[in-house]
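Asks: Residues per chain are reported as follows:
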Amino acid sequence: MKASNGWTRLATRGAVALTAASVFGLVGCSGAVGGGPTGPSNGGGGNGPGGGGSGGTPGGKPSDVSGPIVGLPAPSSRLVRLNSKQWENSVKDLLHLSAPLGYSSNFVTEPLQTSFDTNGSVLTIESNQWSGYKRAALDVAKKVARDPQLLALVAPPAADAATRAKSFIRDFGLRTFRRPLTDADITRYNDLFTKGATLLATGDAFADGVEMVLRAFFQSPNFLYRIETSDTVNGGKIALGDYEIASRLSYSLTNSTPDDALLSAASAKMLQSRDNALTQAQRLIASPAGQATVSDFHYQLLHLENDDQIMKDATKAPAFTADLNASLKDETLTFVKDVIFGQSKGIAELLSASYTFANSKVAKVYGMTVNAPAAGQPDPFVKVNLDPNQRAGILTQAGFLSFYADQQTPSIILRGVRIAQDILCADIPPPPNTIPPLADLAPNSTNRKRVENQTKDAPCNTCHTTLINPLGFAFENLDGFAQFRTQENGQPIDASAKYTLDGKEVSFNGPVELMKAVSQSQQANDCYSRHLAEYLYGRKIDNTNDADASLITQAGARSKAYPSAKDLMVKLVTADEFLNRAP
Amino acid sequence: MKSQSQNKSPSIHVNKRTVSRRRFLRGMGGVVVGLPALDVFQRRASGAVPPPTKKIYSAWMLQNCGLVQGPHFGTGGGPITAVVANAPPETDMFWPKATGSITAAAMMGADADQATSQLVDYASKLIFVRGSSFKHSFQHGGGPVAAMTGAPVTGVYPRENPKSESAEFFISRMMNGGKPPLTLYVGRKNQFRDDCFSFGLGGGNPRVGESNPFNVYQDITGLTGAMKADPAMVAKLAAQDLSVNDLVRGELKDLLARTDLSMDDHHRIDLHLSSVREMEMNMTTVLGPMLDATAITSINGKHEQDAFIESAALMQMDLVAFAFASDLYRSAAVQIGGANDHTRYTVDGVLAPAYHPVSHRNNSDGQNGPLIANSVQLHHGIDKIHARMFKRLLDKMAAYTLPQGGTLLDSSVNVWTNSLDDGPTHGSNNVPYVLAGGAAGFLKTGLHMVLPMGSANNLVLNTVVSAAGCRKANGDLVDNFGDPAFPGVIPEIIA
Chain R
1 MKASNGWTRL ATRGAVALTA ASVFGLVGCS GAVGGGPTGP SNGGGGNGPG
51 GGGSGGTPGG KPSDVSGPIV GLPAPSSRLV RLNSKQWENS VKDLLHLSAP
101 LGYSSNFVTE PLQTSFDTNG SVLTIESNQW SGYKRAALDV AKKVARDPQL
151 LALVAPPAAD AATRAKSFIR DFGLRTFRRP LTDADITRYN DLFTKGATLL
201 ATGDAFADGV EMVLRAFFQS PNFLYRIETS DTVNGGKIAL GDYEIASRLS
251 YSLTNSTPDD ALLSAASAKM LQSRDNALTQ AQRLIASPAG QATVSDFHYQ
301 LLHLENDDQI MKDATKAPAF TADLNASLKD ETLTFVKDVI FGQSKGIAEL
351 LSASYTFANS KVAKVYGMTV NAPAAGQPDP FVKVNLDPNQ RAGILTQAGF
401 LSFYADQQTP SIILRGVRIA QDILCADIPP PPNTIPPLAD LAPNSTNRKR
451 VENQTKDAPC NTCHTTLINP LGFAFENLDG FAQFRTQENG QPIDASAKYT
501 LDGKEVSFNG PVELMKAVSQ SQQANDCYSR HLAEYLYGRK IDNTNDADAS
551 LITQAGARSK AYPSAKDLMV KLVTADEFLN RAP
Chain D
1 MKSQSQNKSP SIHVNKRTVS RRRFLRGMGG VVVGLPALDV FQRRASGAVP
51 PPTKKIYSAW MLQNCGLVQG PHFGTGGGPI TAVVANAPPE TDMFWPKATG
101 SITAAAMMGA DADQATSQLV DYASKLIFVR GSSFKHSFQH GGGPVAAMTG
151 APVTGVYPRE NPKSESAEFF ISRMMNGGKP PLTLYVGRKN QFRDDCFSFG
201 LGGGNPRVGE SNPFNVYQDI TGLTGAMKAD PAMVAKLAAQ DLSVNDLVRG
251 ELKDLLARTD LSMDDHHRID LHLSSVREME MNMTTVLGPM LDATAITSIN
301 GKHEQDAFIE SAALMQMDLV AFAFASDLYR SAAVQIGGAN DHTRYTVDGV
351 LAPAYHPVSH RNNSDGQNGP LIANSVQLHH GIDKIHARMF KRLLDKMAAY
401 TLPQGGTLLD SSVNVWTNSL DDGPTHGSNN VPYVLAGGAA GFLKTGLHMV
451 LPMGSANNLV LNTVVSAAGC RKANGDLVDN FGDPAFPGVI PEIIA
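Residue numbers (this note's numbering), protein chains in the order written: chain R, 1 to 583; chain D, 1 to 495.
Please note that a few of the clues may not be correct.
Derived lysine-lysine pairs resembling DSS-like cross-links, with alpha carbons at most 25 Å apart [stated by the list, open to error]: (1) D:K163 with D:K302; (2) R:K456 with R:K364; (3) D:K236 with R:K195; (4) R:K316 with R:K166; (5) R:K329 with R:K364; (6) D:K302 with D:K189; (7) R:K85 with D:K97; (8) R:K85 with R:K449; (9) D:K97 with D:K444; (10) R:K383 with R:K364; (11) D:K236 with R:K142; (12) D:K54 with R:K195; (13) R:K329 with R:K383; (14) R:K516 with R:K329; (15) R:K329 with D:K189; (16) R:K85 with D:K302; (17) R:K504 with R:K516; (18) R:K142 with R:K166; (19) R:K143 with D:K391; (20) D:K97 with D:K179; (21) R:K143 with D:K179; (22) R:K166 with R:K85; (23) D:K97 with D:K54; (24) D:K163 with D:K472.
Treat the hints as calculated values from the structure; they're not laboratory data.
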């Protein structure tokens, strides 16, 4: 949940609750990205705080958008806790395992506190989390210390046990803490290693020492948090150290600990150079872990967890079988992967493409046929072309359409809210508390008329008529079973509406025209950039802060000019704001 | 801290069975194992030690999706009828038919099938307060928040968060030296909105409830398996744990010493340090007959499966009672299911459809969908299941006897409430509060009453937190919890 600015993740399922949530009036809504001081940019302009540089946009004048994103950094936490996914990936990669151990499944489940679960700056360690970390640390330590292969991996043989122990603490400590250990660290951990033989007393003194040290490594704040200690202020900002940059790059782009190449680059003091950081970023994003991270971002952005909750009446929508929901998520993720990695495109294509990927189950939803696999065989996704007059992009795919609907009847309001908030970053405040459900659909009337009638008066109309309803109206051609329709209740569908994009009123009729306008808007590019920044930076982007506002203005301009999501991510993680921190 | 010699005092009596003394592991610069039991259990030499300070414990249980209780009793309200075609109007199947005194005779007679009659064993210790209203947040997302806080909210449905803490957090903060309460959950997570019943100081994001009884068991005992019977093993474990904790504590303190941390970062490290310290204080040894360690261990990993959720709930109740009896916590919150609970309960031996559609009476999460046959009876059966969960808590608390006389139940006030009033309307003007335990004489028990239509649930919250011992700075009863715009207590249930 984007808590403080009225954004929300309406990960909902109850249709009564859903419709009720937004039927009534909303005050103080704004179509601008975040409602901050800058608003949507126009082709690269902005009102950032300055900072200059070849690609900067100080003073609101269009400039070269091919260069790096520059400017002063916004405040950020010095202690960013790993989330469960990052903990699991880090342990797997530290131990060079082929698959996660799965110990984080016993951690207490934490609610999403801001936009994305990567925002560790708001995560704390209360006693229930701490007990989970303790248990997992004990289990990992025992597993490694008592497995000769793993033990040799973390503590390679050496001339003698003392040398081997020191090398283990120094080398595995560096990888675990993501920085070289200090002399004080080494002394503390050497002492603990020595105590191991007494404390565990299994008869294998070396393994006992390793087990005790690993217990401590995996409970250490230096492992559980990404800690930034650089403190030298120069030019209004603090340049991060090489190891701190390595951690930022690695966790942002792979949700895991820095690999050997990144640590080597940090050791060689190469990462404070933007060019070197860019090379590493490009390498990481192309890796399997990088691709998984891109999938994870879109999974969260598009609330794909909701697809698990889709329940349709099988007598009316036979394609919606009990095992369809997982395929609906895979459809979207396969599509995202093809657009971003297969075609090196970005948000514009995601919102406007007239194709998707379907397996045998998803194809049935679209009235197509993809041969079903033999029993026990995979059901692969293949690219299928959709009617370009009916569908455009990710929001016309079956998952979005069927979740935000009550059986066959679309939820105009929820579809509108989702598009306004997730795609256009409209600032919509909470609805009032006393909200009646939508009236029943009257005979010979339409869903649109029902919503128009119930939201036409103040205070509802403040946001509904300008920010929410028009977006939902355009999608009335696509029903809750994800089917295109031109009539409802014997009445023609009216999917025409007007909406203000980039400060100009745009008219459209139907989802294709709407998504064409949205995909070409600066506002959608700014919004996508903002979401990406929140995910990659692991913190809330505050558009009321000049530094963050400038960041989004510059990133949005680059997204529109060079519409590759991969490139946009690389720009964001090599921006001044990423490579530095605020004093 | 008690002396080592006290550790040799006789074993205590629980439910007429002798169990060993409960002991603690504490790390205070050295390992000290086998420290004395809590004063709640302390068997003292006659007259040698003053009686223990009166302590009131309070557990709160949240059911979701409303009750089968008909319209507001007394002042009216329209008939409850589901939107789905052919749904019959609904009548009260939850409360005793008469208000006034709660009697076991009525609960076993004319009211035998009412859901609250599952609590007949405790008729004289119950208080039924019906008909309160939520004032700030509603329905599935906001109802749990309102039920526990009565506070104005921020955020957007279904993720409203309160502007102030929940009642059980307030009780723990006021009465247990600022220590957070025990926060538990029963059922699946990652659903519509799961944790939404417990909130810390200042409100904000929900506190996370632990859903796995096995984890709770480990947390409050610090031991598993054979170790609980082996003090030498305990000492060894303690030494290992302390060595690591000392190292971690040193690193945390180094971080805390930095002068360039933000307030948020400082707070984060403080909280982490407190968590390290708290785990060291956890109890380590004999659990006695009050917890079935074998069953708790066997449910590990299955606790979110429909077939095991009811069992998991009963175990969580056992653990709450045990944690109170051990004085580890003064208050606890147990949320049963997510805000639109999709558990498939087994009602009268038959696996029912998911609870939320049952509460709607039609087979969907919305208003459309075919009528679920017998859905009112199914919901009534699910109400009874929740009643039995609450009864389990009361059973276990009644089983712990106090050295000064009476039981832990007598020195407690426990609450069973709901995030809605009924399923079909998803309303918030007839919200139930079932109270149990007299708070050591503070409350007048054995009473069934209905609040006038529109009465804020803050009246209930004010009364319960006062019963738990909380007072305003001037010593008066708390009458402003959650929102001072709805002041007052319920004098009828105060002795």
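Asks: Is K143 (chain R) close enough to K391 (chain D), meaning Cα to Cα at most 25 Å?
Replies: violated, 42 Å
Asks: Tell me if the straight-line CA distance from K97 (chain D) to K54 (chain D) falls inside 25 Å.
Replies: violated, 36 Å
Asks: For the pair supplied as a hint, K85 (chain R) and K302 (chain D), is the alpha-carbon distance within the 25 Å limit?
Replies: holds, 22 Å
Asks: Is it true that the CA of K383 (chain R) sits at most 25 Å from the CA of K364 (chain R)?
Replies: holds, 14 Å
Asks: Does K444 (chain D) lie within 25 Å of K97 (chain D) when you go C-alpha to C-alpha?
Replies: Given that 25 Å is the threshold and the Cα spacing comes to 20 Å, the pair holds.
Asks: Holds or violated: K236 (chain D) with K195 (chain R), Cα cutoff 25 Å?
Replies: The given pair, whose Cα atoms are some 12 Å apart, holds under the 25 Å limit.
Asks: So if I understand the rule, the pair passes when the alpha-carbon distance is 25 Å or less; does K316 (chain R) with K166 (chain R) pass?
Replies: At roughly 68 Å apart (the allowed maximum being 25 Å), K166 (chain R) and K316 (chain R) break the hint.
Asks: With a cut-off of 25 Å on the C-alpha distance, tell me whether K85 (chain R) and K449 (chain R) pass.
Replies: violated, 45 Å
Asks: Starting from K329 (chain R), check that the Cα of K364 (chain R) is at most 25 Å away, please.
Replies: Since the Cα atoms of K329 (chain R) and K364 (chain R) sit roughly 15 Å apart, the hinted pair holds (cutoff 25 Å).
Asks: Given the hinted pair K97 (chain D) and K179 (chain D), is their alpha-carbon gap at most 25 Å?
Replies: violated, 41 Å
Asks: If you draw a straight line from the CA of K516 (chain R) to the CA of K329 (chain R), is it 25 Å or shorter?
Replies: holds, 23 Å
Asks: For the pair supplied as a hint, K329 (chain R) and K189 (chain D), confirm whether the alpha-carbon distance does not exceed 25 Å.
Replies: It holds: about 19 Å lies between the C-alpha atoms, which stays within 25 Å.
In summary, the structure is inconsistent with hints 1, 2, 4, 7, 8, 12, 19, 20, 21, 22, 23 from the numbered list given earlier, while agreeing with the others.
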